[in-house]
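Here is how the chains run, residue by residue.
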Amino acid sequence: MTAVERTEPTPILPETFARWFAQRGWTPRAHQLELLARAQAGRSALLIAPTGGGKTLAGFLPSLVELFERGAKPRRLLSTGKEVRRSEGLHTLYISPLKALAVDIARNLETPVSEMGLSIRIETRTGDTPTSKRQRQRRDPPDILLTTPEQLALLLATADAPYLFGTLKRVVLDELHALVTSKRGDLLSLDLARLFRIAPGLQTIGLSATVADPDDLCRYLVPQAEDGARYADLLVAADGAEPNVTMLEPGGDLPWAGHSARHAFPQIYELIKQHKMTLVFVNTRSQAEMIFHALWHMNDDALAIALHHGSLDVAQRRKVEDAMAAGKLRAVVCTSSLDLGIDWGDIDLVINVGAPKGSSRLLQRIGRANHRLEEPSRGILIPANRFEVLECRAAIGAVADHAQDTPPLRTGALDVLAQHILGTACGEPFLADELFSEVKTAAPYAGLTRADFDAAVDFVATGGYALKAYERFAKIRQNKGGRWRVSHPMVAQRYRMNVGTIVEADMLKVRLVRSRVGGAGRTGPIARGGRILGEVEEYFIETMVPGDTFVFAGEILKYETLVEDEVYVSRTTATDPKVPAYDGGKFPLSTYLAERVRKLLAEPAQWLPLPETVREWLRIQQWRSMVPGRSDLLVETFPRGGRYYLVCYPFEGRLAHVTLGMLLTRRLERAGLRPLGFVANEYALAVWGLGDVELRVRRGELSLAALFDEDMLGDDLEAWLAESALMKRTFRTCAIIAGLIERRFQGNEKSRRQVTISTDLIYDVLRKHQPDHVLLRAARLDAATGLLDIRRLGEMLSRIRGRIIHKSLDRVSPLAVPVMLEIGRETVYGEASEAVMAEAAEELIKEAMG
Amino acid sequence: MSGLIASQIVVRERAAPSSGAITVAGVALAADPAGAIYWPEQGMLAVADLHLEKGSAFAARGVLLPPYDTAATLARVADLIARYAPRVVVALGDSFHDGRGPARLADTDRAVLKAQQRGRDWIWIAGNHDPDPADNIGGRFLPVFKLGALTFRHEPTAECEGEIAGHLHPVARVAGGGRAISRRCFAVDGKRMVMPAFGAYAGGLNVRDRAFARLFATLTFTAHMLGQRRVYAVGAKRCLPD
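Chain order of the listed sequences is A and B. Numbered by this note's numbering, the letters in the first sequence go through residues 18 to 867 in order. Numbered by this note's numbering, the letters in the second sequence go through residues 14 to 255 in order.
Next comes chain A alone, as it looks inside the complex (with noise of 0.2 Å):
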């Protein structure tokens, strides 16, 4: 650990507020008094603290014994010529990545405030702040801000921050782990950037939850130096009890494959019923949807279960956080739309459904149930399939060891940066030197180079072509100074409109609406005006067909029309509703946990606390095949239908395992062994085609080493990136970050589907006649870790050379069955569309033809 570790000043805590404690019958606890003397002394400071371990609290006892002992000391009015304001900005700033939480803090923080008779002003600014308060803000602060990034950016973007941040002392920033793994921590890294030399001095406290390298987040907290890297202090405050993880003993029908865990439905519902308050945690919203709507069939005790994701309307979220607050819930069936925030009732049960994904998020989410340190808090993990087994028990064996995976700190994204060189105009002119070194003050930007930021400055001003053809439309220009500047008012005011990272696929509202009397055909009339049930994915709508049925909201949907962007739906009767391809809260499973796996399967002696079922799938395939070593990547080759099968086991996450699929089936197509398709799950890849790879091998003809090459990542890789749907989809968040295209519209939200151009069409064009253009860069760093996963695959591509092992087999091995059972069950969004098309036409010509 790099990280400074200091001699430990002695913290003054004011005797008013050593009575408040007191009088709450609370001692202060040691992380609470070692921050606060860390931020006497002048120090920016990380704390990692458990859940329900008084860490907001501690986030903001400096900011409250300062201003303590400030006192009620009036601020004057001052006029500026144009307006009048208040003498001083602000004091603190608190940063969240949930709006609701910084409402639910400020309400908190309430209650030693007025406890102890503080004259300190807290409020909140969200995107749902009235207007005439945001203005009002901005002339007259309040003492304590908390907001979100995206509002910090906007208040950065006006004239008003020099005077609003100048008189800042600290930043707190709260979810700091979550925050960071996005391009909204990069937005953020780069606005505390700013704040650091607007206001000299400034503090910041990090709070965030245990991560594999608390030095990143360290590095984060503070301006970094050419000549090296620069950390806040760390603090860690003492874990609470060792949680108490199980898996869930499956009984003899463990399916194969497939994520329902129907199986464990009526087990889930009796431990809701012994447990006063259950959370259960499921990887998808679709999977979310099906768990609830089963419990609800079997809920004959009337038990108050609650259904939360990410998808429902706020407003219904809100209600069912209350509810649990409340203590009003027996259970919530929730996906990640619960990893972060407040602590919501008195939880004592975390029922995990399906795989754990990563250690981390799997410690964060059992730590919910956590609300007493003293007592260990329990979980449950509950595997849907048999690798699921594999999984979950690897999972109980790394929370056993403290092991963590997040991921290391980003390397801030041009698109963002992009974005932030816009704000920085709006803002006040500036000088590109000036800025580019302020940028590299940031820890994600620290090794960006001088080319990149012009190139982003190049791409705000006049889009960054290398066709100079737009000077004349220039957003940004420079000065005689030689200052950057808007060259409009309305490049600000559009900016203002598009501010945020967060690039959701484009969302449909969907709304519950009567059903049509008749049967399908044309767009008839229909009833308007019925509830908002949320919001789902518009290429999720895009597979459906009117009539077609799905599960949203915990109820069974007909889906009736789209009318501009609300998808129209009704209640049914219907039993047998078609599952939502929406992903939202797909995780790949973690490098780490992959290792643990792969470590479980090769020793043997491991697999005995495994269920007698998960053992006997894996003798039959030590003797059928071959169960592969921790660091081999076994490669099966068998006939089966008419068809050549080829299936290998890398365990690196079904996003890098699309990608490999697709480069493979190229290179095999190329080896004239006619590929016809590909399946991929977390754990393997199967490839079949037309042509007999094994024999190709045994004659000497084919290499298995050369098919898994490293070199793949080369001229193929590009060659499928030019018509992947899955790149331009991530094309098109880095043109919105960017600025190249609107996501809003002044006032016409309603015709966005109109309006908006396809950005399908400008990558073909751009990808063609400028390929290494700024956004096709960034793009491309997004795909490595993104939906492609380019990088995780190149590791694997490395770790395994010299180390494929083929077994030739006459069949299917046991092994192989839960990949080769997901074959035709989902295809990857974009891809295949000749096929689709080439049937259309075939039912067509059936049709004249019969």
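None of these hints come from the bench; they were simulated from the model. Errors might be hidden in some of the hints.
[What the hints assert, rightly or not] FRET-style restraints, in silico, Cβ to Cβ:
1) B/R227 / A/D157: 57 to 63 Å
2) B/G161 / A/G547: 52 to 58 Å
3) B/A34 / A/D726: 42 to 48 Å
4) A/R828 / B/R227: 56 to 62 Å
5) B/P30 / A/T198: 41 to 47 Å
6) B/N141 / A/D157: 50 to 56 Å
7) B/A34 / A/D728: 40 to 46 Å
8) A/D728 / B/T231: 53 to 59 Å
9) A/H505 / B/P30: 52 to 58 Å
10) A/H505 / B/T36: 50 to 56 Å
Fair warning: this is a prediction, and the values are worked out from it, not measured in the lab. The C-beta atom is built at its ideal place from N, Cα and C for all residues, glycine as well.
Assemble chain B onto chain A, guided by the hints.
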């Protein structure tokens, strides 16, 4: 029932592009998967809705789209000219995204256009985006062009026998294998044709939209969808609304 984890594709066939035969008012036309038609008897190539300089039109409004759309569109026209060596080229209107488009045309693109026009008759049909003749882009300007049994105009009209029009940017949507896809298409019912938009940045309108219902008797037309290397004929009944 679940199975959300698996992924599957079918590898695409690779073959040379081939055009599909479409008959309109008794005239046999070749529908090219690039989105153009060729009339062999007349040596005539027709494209619709080029929307040249759409990128720069957006740029003028502050959306700095890549300025390569005109070059990209003209390059695809060049491919077609190389393949068919037409005596006549008809651009079915909305050839430029706006009236000032011709003036914004880059010198290099103008030179490419002029080279394509050399040695052949080039007809600009008036569109709603570009109703007036423009300077320095060559060719002839006509509101409507009639040849044999066919009438070429921008906006489809009630008079339908033998009409080849553009304007609507038809796109067809079909589903299969658990998913749906959209592609530009020719909408044809034997009497008339609505051509797909050709421009690199041109958007699309679903053929199940009301605008098409006004032109074709209820779902009796065929959508000839543009594939990578061939055109796929799909019955209107099979096409999905949005």
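Hints, verified against the model:
no. : hint                        : verdict
1   : B/R227 / A/D157: 57 to 63 Å : holds (59 Å)
2   : B/G161 / A/G547: 52 to 58 Å : holds (54 Å)
3   : B/A34 / A/D726: 42 to 48 Å  : holds (45 Å)
4   : A/R828 / B/R227: 56 to 62 Å : holds (59 Å)
5   : B/P30 / A/T198: 41 to 47 Å  : holds (45 Å)
6   : B/N141 / A/D157: 50 to 56 Å : holds (53 Å)
7   : B/A34 / A/D728: 40 to 46 Å  : holds (43 Å)
8   : A/D728 / B/T231: 53 to 59 Å : holds (55 Å)
9   : A/H505 / B/P30: 52 to 58 Å  : violated (45 Å)
10  : A/H505 / B/T36: 50 to 56 Å  : holds (53 Å)
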